[in-house]
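Peer 1: Chains A, B and C, in that order, are what the protein sequence lines are.
Numbering-wise (numbering that gives the first Met the number 0), the first sequence opens with residue 0 and increments by one.
Numbering-wise (numbering that gives the first Met the number 0), the second sequence opens with residue 0 and increments by one.
Numbering-wise (numbering that gives the first Met the number 0), the third sequence opens with residue 0 and increments by one.
Treat the hints loosely; a few may be bogus.
Which chain C residues stay away from chain B? Per the calculated CB distances, all over 12 angstroms, these [as the list claims (entries may be wrong)]:
1. Trp-131
2. Glu-160
3. Gln-578
4. Ser-822
Derived, one-sided and incomplete: chain C residues facing chain B with beta-carbon distance under 7 angstroms [to be verified]:
5. Leu-116
6. Phe-119
7. His-250
8. Gln-743
9. Asp-748
10. Asp-865
11. Asp-884
In short, the hints are calculated from the structure, not lab data.
For every residue, glycine included, the Cβ atom is placed at its ideal position computed from N, Cα and C.
Listed here are the chains, written in short residue letters.
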Amino acid sequence: MQKYSIFSLIKNAFSNHEKWDLAWKDPTPKKEYDVVIIGGGGHGLATAYYLAKEHKITNVAIIEKGWIGGGNIGRNTTIIRSNFMYDDNAKFNEFGMNLWRNMSQELNFNVMFSPRGIINLAHSDAQMNAYARRGNSMRLNGIDAVLLNREEVKKIIPMADFSEDVRYPIFGGLAQPSAGTARHDAVAWGYARQADSMGVDIIQNCEVTGFDVSAGKIQGIRTSRGDIKTKKIGLCVAGSTNVLAEKLNMTLPIETHLLQACVSEPVKPILDGVVTFGAGHFYISQSDKGEMVMGGDLDGYNSYAQKGNLPTIQHVLTGGIALFPFLSRLKMLRTWGGIMDMSMDGSPIIDKTHIEGLYLNCGWCYGGFKSVPSSGWTFAHTIAQDKVHELNEGFSLNRFSRGYLLDEKGLGTKTWIS
Amino acid sequence: MLYIKCPYCGYRSQKEFAYGGDGTIKRPELNQNISDEKWDEFVYFRKSPRGKHIELWHHIAGCRQWFQVQRNTVTHEIFQTAKMGEDIK
Amino acid sequence: MSQSHRLNNEGLVNRDNKISFKFNGKKYFGYEGDTLASALLANGVHLVGRSFKYHRPRGFFGAGVDEPNAKLQIKLNGHSEPNVNATEIELVDGIEASSQNCWPSVQFDIGAINNFLNKFFPAGFYYKTFMWPKSFWYKIYEPFIRKAAGLGVASAKKDKERYEHKYEYCDLLVTGSGPAGLSTAYAAAKNGAKVILAEDKPRFGGSLLTDNVTIDNLSGKAWSYKIISELKEMPNVIVKNRSQVFGYYDHNMMVMFERTGDHLKDKPKYTPRQRLWYIRAKEVLLSTGSIERPIVFGNNDTPGIFLSAAAKEYIKVYGVLVGKKPLIFTNNDSAYETALEFKNQGIQPVILDTREEQSSELIDEAKNQNIEIKFSHAVMAANGYKKVKSALIGKLNKDKSGFETSETIECDCICVSGFWTPTVHLASQSGNRLEFNDQIDAFVPNISKQNEKSIGASKGTFTLKETLEEGFKIGFEVSKNITKNDNFVSTPNSNEPKKNIHDKFWCSPLPEGKDYKRFVDFQNDVAVSDIEIALREGYRSIEHVKRYTTLGMATDQGRTSNLNGLQLVANVEKKIVPQVGHTTFRPPFTPITIGTIVGREVDMEYMPTRKTPMHTWHEKNNAVFVDAGAWKRPRYYKQGNETLLEAAKREAKNVREHVGICDVTTLGKIDIKGPDAAEFLNRVYTNAWLKLPVGKARYGVMLREDGIVMDDGTTTRISENHYHMTTTTAQAANVLSHLEYYLQVVWPDLKVNVLSTTEQWAGAALAGPKSRSVLAKLFPNLDVSNESLPFMGYVEGDLFGVNARIFRISFSGELAYEINVESDCGLFMWKKMMDIGKDFNIQPYGTEALSTLRIEMGHVAGPELDGRTIPSDVSLEGLVSKKKDFIGKRSLQKEAFNKSDRQKIVGLVPTDKKSSIPEGSHLVVNKNAKLPNPKLGHVSSSCWSVENNNPFSLAIIKDGKNMIGKKLFAVSPLKNTAIEVEVISSHYVDHEGKRVRS
């Protein structure tokens with residue numbers, strides 16, 4: 000595989016960039032694979048990469064209905080963090096933070112991970128206390144967290160509304176300085192390129208039409224490009240999990256909802272890190288291109304539409320102006336939606352299932368992007384070893400029936416109000 | 000913004016309503032012995048089809064009645080709305 | 000300075016009103032009716048900006064929403080706004096415009112070095128480098144890239160402008176007032192339909208303002224004036240200019256924004272700057288027209304290169320020449336109209352037509368007028384850096400893959416036409432799956448998914464005659480379906496030049512040995528070579544191409560680049576365009592001011608503010624308020640220089656020793672009536688309710704079905720079938736919906752009705768050992784003795800002529816009463832209590848003292864009932880009935896909920912009896928343990944116990960009650976504290992609950 004570097008770039012400039020290799024090939028599906036990963040999104044691509052790299056399983060196919068990276072990996076607001084209260088979530092995502100920190104070098108693809116920090120703003124003492132509970136939990140788990148008072152927040156985001164006539168004044172916030180953002184598409188492409196180079200077949204425009212299950216075991220899948228035999232299937236199709244589960248006669252503790260995001264026109268740097276508003280549904284960061292990337296709330300009813308409602312955007316941006324009045328003069332350039340697996344406690348599921356050889360990776364709600372490396376790594380382990388890793392033990396499917404819920408927000412099963 | 004026909008009040012904008020989720024869930028009867036599986040199915044497990052979905056809505060800024068809506072989750076086309084207890088095709 | 004390129008007798012601008020403005024510090028003049036672009040062009044200014052990546056000089060290209068380049072920083076009325084489209088903003092006095100993304104100036108921009116190094120910055124270059132050394136990405140490269148990126152500068156100032164929202168319903172919404180829109184709106188309006196006609200531009204008429212056509216024996220322009228003035232007079236029609244329908248949402252909800260203020264020099268008070276319209280339309284008629292597409296050639300981004308229709312619009316609408324030595328480069332007839340307009344103004348153009356020599360009305364007219372036409376010719380490249388000086392042109396070979404000749408031709412502008420692309424954005428947003436029409440090489444709407452129809456150019460109908468026929472016919476038919484009227488207006492006669500078919504030529508080949516940059520997307524600097532690299536590297540899906548090269552992702556959203564990009568991909572991939580597909584059209588059509596989307600919900604109006612009837616009294620008495628959801632509650636009443644803690648201690652102590660009064664109006668109140676009310680409560684609450692006598696209150700806890708505590712509160716039996724429920728302030732709305740759900744959905748057989756009465760009652764809690772004495776004086780005719788009104792008792796009384804409900808309930812743990820009166824009498828009640836209480840040392844107390852009182856009593860509240868706790872976690876297992884069933888009961892059997900070391904509530908005191916324990920601290924055995932340090936639980940609520948005069952906290956910890964007596968550390972690494980604490984019971988005061996019963 001060609002190595003990307005400043006030197007290869009210069010070298011190729013002199014041959015008019017005509018000698019670049021394919022980032023990944025476009026193979027025809029083989030008759031049989033050791034493992035088939037369904038879903039060429041971040042989680043699927045990362046899983047295939049770690050299967051090859053960590054477990055030396057390379058006879059792997061990734062089956063993607065459309066084009067790789069076209070689902071939520073290409074539609075999210077690129078936030079990477081591990082600021083969780085529950086140990087299971089914290090450990091898992093902090094493990095992921097370490098993978099993020101080395102990802103560009105490991106993949107030889109600049110994913111532009113930049114730890115510019117995240118601040119969750121608080122607008123009451125009660126909220127400050129709730130954040131202290133989470134922040135202290137993070138610190139005791141070895142994750143960086145800082146509790147900021149109003150003045151400290153003001154130093155970081157002076158353009159936020161610190162005036163008198165504001166409905167919910169800023170009291171302070173919880174910061175995770177090591178959190179940040181990355182270039183979402185690059186993550187998908189980087190994993191794809193490395194997985195491909197190790198022998199993984201990336202098969203695009205291939206829809207799964209059915210499963211071949213007999214005697215409680217996976218035997219293969221049926222696709223729009225023919226049947227494929229395999230003993231192990233990893234399902235990484237957040238957003239479409241329920242659609243495929245139906246084909247397997249499974250019902251899951253997941254509802255499918257739409258989350259919207261939008262960007263402003265690009266402007267010169269004004270905001271460095273990620274900020275979340277604590278008195279409404281709004282979060283924001285500024286991309287390297289200069290666009291303000293904003294998101295916040297679900298459309299509020301089950302949806303597979305990838306196209307949202309204006310009132311939700313209005314609601315989100317109302318919070319935006321309440322926090323950053325300067326946004327009022329910027330223009331909203333583009334809105335889009337992503338389909339979310341909303342699990343019943345807001346945390347993901349990475350587990351085996353009652354069908355031998357069927358492994359489940361789903362329920363990411365709206366926090367799947369940050370977990371791409373840790374999810375891929377643990378899911379690869381779960382598939383390769385046929386047992387869950389300590390890091391994803393808490394994300395079991397049966398935690399709901401046993402009562403070991405990971406409800407970071409305490410909102411229960413009304414997934415659409417989170 | 001959806002345009003929803005409340006069976007009591009007629010067409011109103013979605014702003015007046017709150018969503019109530021899967022409308023096919025039946026709460027188990029009180030005072031019955033019920034298996035763990037059945038109970039969990041009721042509390043946690045959801046059909047979330049791509050296409051026709053029967054769901055509940057609550058006219059919170061209106062008559063405050065809960066009612067049933069059959070909607071396409073891809074196009075948001077609403078096929079039918081009905082009072083609780085009425086049949087929905 | 001004179002307007003060097005302004006015509007004397009052409010255009011629709013008002014030459015009587017001269018307007019001055021500044022561009023890059025220099026003063027210019029234009030006229031009322033100009034856009035900033037037309038005014039600058041009138042002054043011969045072309046260079047307005049620099050491109051995003053290579054900082055190449057850029058000029059105007061279009062005359063409206065199609066403009067990719069001319070995004071300026073505008074200062075007006077004290078506001079500075081980035082990325083304003085110069086071709087859309089109307090000229091008003093005092094505008095100060097400046098170029099963006101250049102330093103030190105647009106004329107001399109250091110960043111242009113990128114242009115000379117562009118070979119090293121192909122598509123996706125940043126994915127391949129900037130990775131070494133590792134830390135340099137974040138510390139060096141990225142900050143540099145961030146600085147270089149972005150267009151204009153966002154002002155950090157608060158926007159003082161006003162934005163409004165408006166809601167409308169109509170039968171027909173017509174989007175665009177060209178010939179299609181006018182005819183449809185007119186036919187429908189005449190047939191009695193309620194019509195809204197929206198036009199994005201300041202002037203109605205669309206192409207009729209610039210095209211040389213006649214309708215009904217009038218010029219197109221005159222006909223449009225006539226129709227518009229008729230429509231304006233009709234009561235069933237709303238006609239709106241400066242109004243763009245930018246989004247097509249579900250169930251025919253259309254969203255439009257109207258520019259109401261920026262074009263006015265002196266905006267009247269209360270006139271908003273912009274207005275957002277939510278329009279629910281029975282039918283939507285899309286008459287959005289089409290946008291001319293460019294032909295791609297070398298250096299096609301040089302200032303002085305225009306779309307040919309834009310050049311025509313500058314002449315016809317603004318009376319401005321974009322050049323005096325024009326070169327027209329076309330693959331179709333319509334650019335001939337531009338050439339003829341130049342000729343009319345005495346300017347001699349040269350036409351390059353990629354088609355072979357042919358004849359048509361327009362071609363013949365051009366020939367007659369002695370305009371030089373070079374058939375089978377194309378522009379290879381433009382020459383000139385900051386302005387076009389000449390063009391390298393040549394004769395195309397037979398298959399148009401190369402050139403047979405080459406010559407340089409002098410020109411000062413190049414007007415390009417690569418045929419027309421229907422504006423299908425709204426149709427696509429509606430769910431209409433577009434289909435490719437290879438007659439016009441563009442996508443057109445196919446089958447409607449909502450009540451939507453496209454008419455005229457927006458669906459690929461490019462002749463006036465057919466457009467009018469469609470418009471009059473569809474306008475009539477659609478309106479007839481709605482109004483049932485039958486007033487048919489017949490299509491007027493029309494006259495237009497007949498046009499030949501266009502040539503599919505869209506990109507000039509590179510001449511031998513040259514590698515000119517040929518731009519597909521101007522703003523994002525995406526050239527043909529970039530797209531070729533992407534495809535070569537395997538980014539073959541159109542979405543991959545878009546994301547890898549950023550094609551079509553700039554602020555113009557690819558309006559002029561989209562189809563050429565698809566053509567290129569199709570050519571390289573040896574496919575046809577429909578096989579390549581298209582990227583998704585998403586709202587908004589053009590960028591929309593965020594303030595407009597938000598409207599009036601800003602500053603203090605971000606959320607409603609709910610105030611209790613006693614609010615003014617609290618204000619007068621130095622209350623410091625706290626937000627409790629939408630409510631404002633007094634947190635404490637400040638005396639002198641007191642701190643929060645001092646005030647809370649004073650107020651709480653006064654309750655313990657004397658009597659306090661607290662505004663509890665904000666608690667949720669629900670009236671529950673009906674013969675099955677008791678049975679219903681019995682199912683909703685975890686404890687038993689069937690035997691509660693009339694005139695008694697009971698504390699209850701309700702669960703969600705998953706077993707988690709949802710809310711708590713007291714409910715009182717007012718009469719046989721009438722109960723009064725209270726909820727926490729936070730959960731009031733949720734509890735009501737919850738109750739309605741169970742009554743209407745789950746148990747419709749129960750005869751019960753529920754109604755929120757939160758707003759109907761003002762409430763005051765009277766708490767403390769002396770509260771009974773105050774009560775006795777408040778209700779002199781009532782027996783308030785412990786025997787007559789015991790703990791959890793209820794009576795009604797007469798409070799100086801006002802009906803009052805008296806509940807003997809207590810949150811503070813003291814002898815206490817809660818009195819409710821109708822909201823209007825709340826202030827009266829409060830003042831009476833204060834007045835009468837004076838003799839008993841009454842003091843008002845706020846939520847902070849309230850917390851102190853409840854914490855030291857071990858009463859749980861929000862921090863303990865945090866959506867994760869079950870009753871036994873917070874010592875409420877005594878309230879969980881073993882006998883009856885209730886909501887959520889079955890879930891309490893779950894394994895995790897019954898683990899022996901399950902978290903439970905306990906009390907904590909610091910062993911030094913001095914150090915306050917920060918809320919949110921966690922409990923650990925070893926404060927210095929290696930991380931991760933195992934946590935036993937967390938501190939949920941802390942106070943300074945006024946009873947024991949030392950800090951006290953509630954905590955929820957593993958193995959709860961068994962930990963009592965143990966010493967642990969409450970650590971808060973965030974605050975750098977580690978306090979040794981002793982675990983004790985959560986009831987720190989009055990264990991037996993004697994006081995409430997005293």
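Peer 1: Each hint: holds or not?
Peer 2: We went through each hint and held it up to the structure:
Residue placement check: C/Trp-131 keeps its beta carbon more than 12 angstroms from all beta carbons of chain B (closest about 45 angstroms). Every CB of chain B is more than 12 angstroms from the CB of C/Glu-160 (nearest about 25 angstroms), matching its label as outside the interface. Chain B leaves C/Gln-578 outside its interface by the beta-carbon criterion, the shortest separation being 24 angstroms against a cut-off of 12 angstroms. At roughly 21 angstroms, the least C-beta separation between C/Ser-822 and chain B is larger than 12 angstroms, which holds for a residue marked as non-interface.
Because the beta carbon of C/Leu-116 sits about 47 angstroms from the nearest beta carbon in chain B, more than 7 angstroms, this interface hint is broken. Look at C/Phe-119: its Cβ only gets to about 45 angstroms from chain B, farther than 7 angstroms, so that hint breaks. At a threshold of 7 angstroms, the smallest CB-CB gap from C/His-250 to chain B is about 4 angstroms, leaving the interface hint in force. At a threshold of 7 angstroms, the smallest CB-CB gap from C/Gln-743 to chain B is about 4 angstroms, leaving the interface hint in force.
Here the hint on C/Asp-748 is broken, as its CB sits about 10 angstroms from the closest CB of chain B, past 7 angstroms. Because the smallest distance between the Cβ of C/Asp-865 and any Cβ of chain B comes to about 19 angstroms, over 7 angstroms, the interface hint for this residue is violated. Annotation: interface hint on C/Asp-884 holds; nearest CB of chain B at approximately 4 angstroms, less than 7 angstroms.
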